[in-house]
Amino acid sequence: MPPIVEQPATARITTDAPDPKTVSVTLRYDGADPLAIRIVFPPEVSFDGDEVVWAFARDLLESGLRLPSGEGDVQVWPCGRAQVVLEFHSPDGVAVVQFDTAALRRFLDSSYAMVPAGQERHDIEVETELSKLLHRT
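Positions 1 to 137 (the UniProt record's numbering) are the ones given, in order, by the sequence shown.
Mixed in with the good hints, there may be bad ones.
Simulated restraints on C-beta separations [as the list claims (entries may be wrong)]:
no. : residue 1 : residue 2 : range
1   : R106      : P18       : 28 to 34 angstroms
2   : Q7        : L134      : 34 to 40 angstroms
3   : S24       : P68       : 23 to 29 angstroms
4   : D109      : L67       : 14 to 20 angstroms
5   : D109      : D48       : 32 to 38 angstroms
6   : S110      : P18       : 31 to 37 angstroms
7   : R81       : D48       : 34 to 40 angstroms
8   : G80       : Q119      : 27 to 33 angstroms
What the hints contain is simulated information worked out from the structure, not anything from laboratory work.
In this text, a Cβ means the ideal position worked out from N, Cα and C, and glycines have one as well.
The task is simple: from the sequences and hints, build the whole structure.
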């Protein structure tokens, strides 16, 4: 079973309320899915009472620590030197969440210790896997 990195973090969710809501989340990196990271939000922030999991590219988070990044459902940008903002778009609306940069950097460093950048797909032979997909009956 591939190793998993999990790290707790504090997220500040910005809403229409005067003060942001602070929640504990779990940052997760799974060696079985080496290109992605996940942020697991607790059930109390969802509409249906289930935990909310956002998955997106690890390199998007990496670049978003330095400069505004992302054009799709997830956008990331630095907010000063100590904070990072993640903006999540879904059919239900937009969530704006702020994290401490240091927590995200520690998490990314742990993920890169497990699977270094550029080594994510060395175990997959692209042509063989593509051939399998194209020749399924």
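Structure-based check of all given hints:
no.: 1; hint: R106 x P18: 28 to 34 angstroms; verdict: holds, 31 angstroms
no.: 2; hint: Q7 x L134: 34 to 40 angstroms; verdict: holds, 39 angstroms
no.: 3; hint: S24 x P68: 23 to 29 angstroms; verdict: holds, 26 angstroms
no.: 4; hint: D109 x L67: 14 to 20 angstroms; verdict: holds, 19 angstroms
no.: 5; hint: D109 x D48: 32 to 38 angstroms; verdict: holds, 34 angstroms
no.: 6; hint: S110 x P18: 31 to 37 angstroms; verdict: holds, 35 angstroms
no.: 7; hint: R81 x D48: 34 to 40 angstroms; verdict: holds, 37 angstroms
no.: 8; hint: G80 x Q119: 27 to 33 angstroms; verdict: holds, 32 angstroms
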